[in-house]
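Whole structure, please, built from the sequences with the hints as guidance.
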Amino acid sequence: MMWGGPPAFGKRRMSDDHHDHGQTPPSDMALRVKALESLMVEKGLVDPAAVDAIVDHFEHKVGPRNGARVVARAWADPAYRQRLLADAGAAIGELGFGGGQGEHMIAVENTPDVHNLVVCTLCSCYPWPVLGLPPVWYKSPPYRSRAVIDPRGVLAEFETVLPPETAIRVWDSTAEVRYLVIPERPAGTEGLSEDELAALVTRNGMIGTARL
Amino acid sequence: MGGMHGLGPIAPETDEPPFHHDWEGRVHALVIASPAGGNIDARRHQRELIPGPVYLAMTYYEKWFEALRQSLLQGGHVTEAEMASARADPAAPKATPRLAARDVPKALSRLGSYLRDASAPAAFTVGDRVRARNLHPAGHTRLPRYARGRVGVIERVHGPHVYPDTHAHAGADDPRWLYLVRFTSRELWGLDAAENDSVSLDLWEPYLERAK
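If you read the sequences in order, they're chains A and B.
Numbering-wise (the working numbering), the first sequence opens with residue 1 and increments by one.
Numbering-wise (the working numbering), the second sequence opens with residue 1 and increments by one.
These are computed hints drawn from the structure, not numbers from a lab.
Here a beta-carbon is modelled for each residue, glycine too, at the ideal position from N, C-alpha and C.
Among the hints, erroneous ones may be present.
Here chain B is said to cover these stretches of chain A; the calculated rule only asks that three of the stretch's residues, wherever they fall, bring their Cβ under 8 Å from a Cβ of chain B [as the list claims (entries may be wrong)]:
hint: 1; segment: 28-34
hint: 2; segment: 115-123
hint: 3; segment: 140-148
hint: 4; segment: 168-174
hint: 5; segment: 185-198
Cβ-to-Cβ under 8 Å is the rule here; a few derived chain B residues that face chain A [what the hints assert, rightly or not]:
hint: 6; residue: 25
hint: 7; residue: 54
hint: 8; residue: 142
hint: 9; residue: 211
In structure tokens, the structure reads:
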């Protein structure tokens, strides 16, 4: 095949661009996965109800709303913020969140002087219990390759521009330690409840590609 | 791939779902429920074994699917003939699924740990200057290429953690001391990098030597 420019990392391919149920015929991948699942079930290698339950967990039980609650609590409760910075795993556990890919948590705090940005250059390491599964761009080559060498250029692609004097700390998740960014609390939010604060916290804010 | 240029633009997507297609969720769950996945480092290595040009052209869950197929074949859970026909050999004994549906919530919320007992004292302490060794193993490693030969400062001692370079191949924990090491961006990338920026990595003791 002739080289035709970079593949569209992070974007769905045209041939895949229909959903698996509906009027359009299932894609090649949908058929291949279905065939492998049937074989695994037939051989007793997986319980299909367990597969359903795992999908449900990742679609409904974990996600960035969990992390937003952690951040909102840290903004609202200085003692909780201290505990979060000292032992993030225990503080996150206080709110009932924990599990795989959250075994060793560290919270890093943005300030006017320091901005934190999290990446996994080697694969797709990400704190599942507080942020859910990573977005496609996070686990795609453009972000993985450039977040470490050109964080300001990467941030610009998210329309995030930092003053030159703000230091950027990039965290490359090379081991089983997972990093959660505590964004700066936006100005003018003094009277808000914890629920209202949590609604302001975005996934990208907790990865560090956005400021709130 | 940390530090490479030219892999294309980042393509953030608004309100991205956990899975873009039903089959992606099935693959994710099959990998978690599969008896063949091995440990986390073995699974990562399985995906790294996908040839580079193919790897770069695949979507994330296509890689997971391919690695799952290979691990089922190599683990002897599925034969080539079964994989090709998508039918179980009627003469083969039927296995019992490792994970039952009722055990899924517990399995997914279980807070494991990669921390192990120390077999030797830590060689480094906070503030020590260390150089990432110039290592190029053919097998699995979590020492990114861009850090090799570079000097950083130990910022935190995480404790003895399961060592991926051994764990991926032999399955043994082989715990080694894990450190958070901070490198200035100028040390990694030269004088074009911003003066106050830095990149921190979690690196195991065998990756490091004392620097002056």
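Next on the checklist: Under 8 Å is the threshold here; is the Cβ of residue 25 (chain B) close enough to any Cβ of chain A for the hint to stand?
Outcome noted: 4 Å, holds
Checklist entry - Does residue 54 (chain B) pass the interface hint, meaning its C-beta sits closer than 8 Å to a C-beta of chain A? => result Not OK, violated: residue 54 (chain B) not within 8 Å of chain A, min 11 Å.
Item to check | Outcome, coverage hint (the segment 140-148 of chain A, chain B; C-beta under 8 Å; three residues) | outcome: Per the Cβ count (9), the hint holds.
Checklist entry - Do three or more residues of the segment 185-198 of chain A come closer than 8 Å to chain B, measuring C-beta to C-beta? => result violated (count 0)
Item to check | Whether chain B covers the segment 115-123 of chain A (at least 3 residues having a Cβ closer than 8 Å to its Cβ atoms) | outcome: Contact hint for the segment 115-123 of chain A vs chain B: holds, 4 residues under 8 Å.
Checklist entry - Three or more residues of the segment 168-174 of chain A near chain B by CB distance under 8 Å? => result The restraint on the segment 168-174 of chain A holds, since 7 of its residues have a Cβ under 8 Å from chain B and three suffice.
Item to check | Stated coverage of the segment 28-34 of chain A by chain B [criterion: 3+ residues, CB within 8 Å] | outcome: Since 5 is at least three, the answer is holds.
Next on the checklist: Take the shortest C-beta to C-beta distance between residue 142 (chain B) and chain A; is it under 8 Å?
Outcome noted: 5 Å, holds
Checklist entry - When the nearest CB of chain A is found for residue 211 (chain B), is that gap smaller than 8 Å? => result 19 Å, violated
Checked against the numbered hints above, the structure breaks hints 5, 7, 9 and satisfies the rest.
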